[in-house]
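Asks: Residue numbers (the working numbering), protein chains in the order written: chain A, 1 to 381; chain B, 382 to 466; chain C, 467 to 817.
Any given hint might turn out to be false.
What the hints assert, rightly or not - Mimicking EDC-like on lysine to aspartate or glutamate, the simulated pairs with C-alpha atoms at most 20 Å apart in a straight line are:
{"id": "1", "chain 1": "C", "residue 1": "Lys802", "chain 2": "A", "residue 2": "Asp11"}
{"id": "2", "chain 1": "C", "residue 1": "Lys588", "chain 2": "C", "residue 2": "Glu488"}
{"id": "3", "chain 1": "A", "residue 1": "Lys296", "chain 2": "A", "residue 2": "Glu283"}
{"id": "4", "chain 1": "A", "residue 1": "Lys155", "chain 2": "A", "residue 2": "Asp11"}
{"id": "5", "chain 1": "A", "residue 1": "Lys267", "chain 2": "B", "residue 2": "Glu441"}
{"id": "6", "chain 1": "A", "residue 1": "Lys2", "chain 2": "C", "residue 2": "Asp744"}
{"id": "7", "chain 1": "A", "residue 1": "Lys2", "chain 2": "B", "residue 2": "Asp422"}
Keep in mind the hints are simulated off the structure, nothing from the lab.
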Amino acid sequence: MKYIDEFRDGDLAQKIAANIAVEVNQRRSYHLMEFCGGHTHAISRYGIVDLLPDNVRMIHGPGCPVCVLPVGRIEYAIQLAQIPHLILCSYGDMLRIPTANGTSLQKIKAQGADVRIVYSCADAVSIAQRNPERPVVFLAIGFETTTPPTAVAIKQAHALGLTNFSVFCNHVLTPSAISHILQSPEVRQLGLMSLDGFIGPAHVSTVIGSRPYEYFAEEFQKPVVIAGFEPLDVMQAILMLIRQLNEGRAEVENEFTRAVLPEGNIKAQLLVAEVFELRRTFEWRGLGLVPYSALKIKSCYADFDAEQRFQIPMTSIADNKACECGAILRGVKQPQDCKIFGTVCTPENPIGSCMVSSEGACAAYYSYGRFRDAYPATKVS
Amino acid sequence: MCLAIPAQVEQLTTEDHAIVNLGGVRKEISLALVENIVPGDYVIVHVGYALQKLDQVEAERTLALFSEMSAMNDDKGNENDESQS
Amino acid sequence: MHSGKVKRGYTRPLDLKNGHIEMNHGSGGRAMTQLIDQLFLAAFDNDFLRQRNDQACFSCTSGRMVIATDSHVITPLFFPGGNIGSLSVHGTINDVVMSGARPHYLAASFILEEGFPLADLKRIVDAMAQAAQAAGVPIITGDTKVVERGSGDGVFITTTGIGMVPEGIHISGENAKPGDKILLSGTMGDHGIAVMSLRDNLSFHTHIESDSASLHDLVATMIAAVPDIHVLRDPTRGGVATALNEIAHQSAVGMMLYEKKLPVRQQVSAACEFLGLDPLYVANEGKLIALCAPDDADQLLTAMRLHPLGNQAAIIGEVIEDSHCFVQMETRFGGKRVVDWLSGEQLPRIC
Chain A
1 MKYIDEFRDG DLAQKIAANI AVEVNQRRSY HLMEFCGGHT HAISRYGIVD
51 LLPDNVRMIH GPGCPVCVLP VGRIEYAIQL AQIPHLILCS YGDMLRIPTA
101 NGTSLQKIKA QGADVRIVYS CADAVSIAQR NPERPVVFLA IGFETTTPPT
151 AVAIKQAHAL GLTNFSVFCN HVLTPSAISH ILQSPEVRQL GLMSLDGFIG
201 PAHVSTVIGS RPYEYFAEEF QKPVVIAGFE PLDVMQAILM LIRQLNEGRA
251 EVENEFTRAV LPEGNIKAQL LVAEVFELRR TFEWRGLGLV PYSALKIKSC
301 YADFDAEQRF QIPMTSIADN KACECGAILR GVKQPQDCKI FGTVCTPENP
351 IGSCMVSSEG ACAAYYSYGR FRDAYPATKV S
Chain B
382 MCLAIPAQVE QLTTEDHAIV NLGGVRKEIS LALVENIVPG DYVIVHVGYA
432 LQKLDQVEAE RTLALFSEMS AMNDDKGNEN DESQS
Chain C
467 MHSGKVKRGY TRPLDLKNGH IEMNHGSGGR AMTQLIDQLF LAAFDNDFLR
517 QRNDQACFSC TSGRMVIATD SHVITPLFFP GGNIGSLSVH GTINDVVMSG
567 ARPHYLAASF ILEEGFPLAD LKRIVDAMAQ AAQAAGVPII TGDTKVVERG
617 SGDGVFITTT GIGMVPEGIH ISGENAKPGD KILLSGTMGD HGIAVMSLRD
667 NLSFHTHIES DSASLHDLVA TMIAAVPDIH VLRDPTRGGV ATALNEIAHQ
717 SAVGMMLYEK KLPVRQQVSA ACEFLGLDPL YVANEGKLIA LCAPDDADQL
767 LTAMRLHPLG NQAAIIGEVI EDSHCFVQME TRFGGKRVVD WLSGEQLPRI
817 C
């Protein structure tokens, strides 16, 4: 498969690994956060950690939109699905997320709710067209990559004059999440948590471009390298970050030049701006309330906003007390630091969403990495 | 983030859609988020939509970068003699 | 002009083109007998069934016998490369032969949903008959029940198979030993992708067909080449990864796979890329895993490759000591990862 296989070549991986080994400064360590869940997955799945020197540590950031969705909003989706005759369409990722009392979309599907997995939100629109007498709700999640398709779907539904289609919008924004981490006490207070640089998300960046990251690089003096989706991209980005840190630079660099322009995809951005606007604040699982970090549907498209259509109270549900997803999402703790990791909380019985989503830090570590010796808990520098 | 894959546009169909081909698997996707796509182009596909055209020149350039020896490697020669069975 | 007299002993034949299953097809009366005669017996026809008993009587030489049973509840019922009928025959034959046994007979019972089209049932039954005949394993007894509309998925089939293990053959999941080589008879994930391409909201177009097939002849060839095979297993639901994890736990060993060696069709890889699936966990229906002593591996591989159902066979890894019973894999990068038990069905993902 062109543009995929070449970017997974094992020999090239060894070359980049050799370059990294030669260029790291042995007298320091490098703490690099990969923000994108896809990168977390690539790192685990290809065993990239085995190709890195010991003094290069990867920290998993909150780049998984499934992991950061608060339980209260999943409850809301479950209540929607239980409305008689309603069809709830969702991406597969959401089906197994557990709520506080252990239920999930998959479980209520088993009990008779009409929950359907779709590959694309366009499929949800088609379902609405084919079932004009039934309300159809699309559960929209995702960062900036996934938002433009939802915008197109809403516009399409509008153009078709569909009166039974609406979207439960949970789209969130990447720069806000990065800001939040960088401003958190653990990072700001020197010595509590080392965070030297970021691997910027791949496909979010194709939409938003590389410019939005310049603020972080400058304000917080941390280098950012936007990396493509494939494991060689991730390794090259790690090398580029190491080079920046060695040279004392804090810039935004783009490794994913084949798909990311400085300005991103303007057409997609304009479409999003037409349909969505910023929420003043939004709850992120594990991070609390984050200002201007999420989108809601504009009032001109209110007919397609499930939160306007359906009178269901939104609840804020606290996480299980033992669950450390919050700290793990912020990169402060590692899965092994959580008391219930691997015992009470497993992929079969996930307590928090870091375990249920395949790219959540806990699931990735459990599935791919728990056979390694655990890294020591976050060290004080 | 999010799962997206580069696929080649085979033919344009009606109303802003196209058939893409990845490794022999064909799927119809939407071109609503991109412009000036012609058959033969590669696009990044996410949840049934093309997000961006893939710049093939840049792709080759990036691959070439991967092969570059580190400037600090000049004296060391090729350390890579690991072979997988 | 006809006198209007009804011909003696005349009953209207089953309408196999446009008819449907009705409750009385399961109630043991004339309608059920007609269904059995005109549909099942007509297709499966053999000496045992012609006796029309509730059981089949057969003699066998003494030795170790094997029995296996499977229920088939898949949807869709029809898929590229087969249907629930052919799948049920192949699947149970495969379960029997994974012990090294020669399969002898099959039993088949059907739970039919009221309203199920007879034309579809005929297609399914004919496919079963074909599969059974090709394998030389007749269906010699069976049962039919009908459930009310809404209580089933059209048709559920349970097949039970009987076979005999030749002298000196001891093949079982707990026989794996550190050092054993792991062989896979062909490409992974064909069946799962063929079936998935039909799912309503996934719609991609591929030429991949299910690999559903009976493996008795391949196994016989393999045993002839290497009688001392340690383990045989056909990876079905959950894919190669699940089967290997099962064996690892049964034998209390670990495993090391080599990603570069895993055989996968390009279209299966591509479909998995679209959906975010890992071919290691996608279902197969016509493949087997074999574990043998390292000295026997090359000979076994050669024998497999000479057989049409094993022509893409490969050595994909080896058994190691490991008290955790992890199945590990050396990725194409040289890094390592664990190939874990699947927790539930793999779902398409966007992240």
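Asks: Could you run down the list of hints and mark each one as holding or not?
Replies: A quick look at each hint next to the structure:
Proximity of Lys802 (chain C) to Asp11 (chain A) is assessed by CA-CA distance (about 15 Å); at most 20 Å being required, the pair is judged to hold. The straight-line distance between the Cα atoms of Lys588 (chain C) and Glu488 (chain C) is roughly 15 Å, inside the 20 Å bound, and the hint therefore holds. For the given pair, Lys296 (chain A) sits about 13 Å from Glu283 (chain A) by alpha-carbon distance, which is consistent with the 20 Å threshold. Taken as a hint, the Lys155 (chain A) and Asp11 (chain A) pair is broken in the structure, with Cα atoms around 46 Å apart against an allowance of 20 Å.
Only pairs whose Cα atoms come within 20 Å are accepted, and Lys267 (chain A) paired with Glu441 (chain B) is rejected, the gap being roughly 26 Å. For a cut-off of 20 Å, the pair hint linking Lys2 (chain A) to Asp744 (chain C) stands: about 19 Å separates their Cα positions. Taking the CA atoms of Lys2 (chain A) and Asp422 (chain B), the gap is about 12 Å. The hint holds against a cut of 20 Å.
In this structure, the earlier hints numbered 4, 5 are contradicted, and the remaining ones agree with it.
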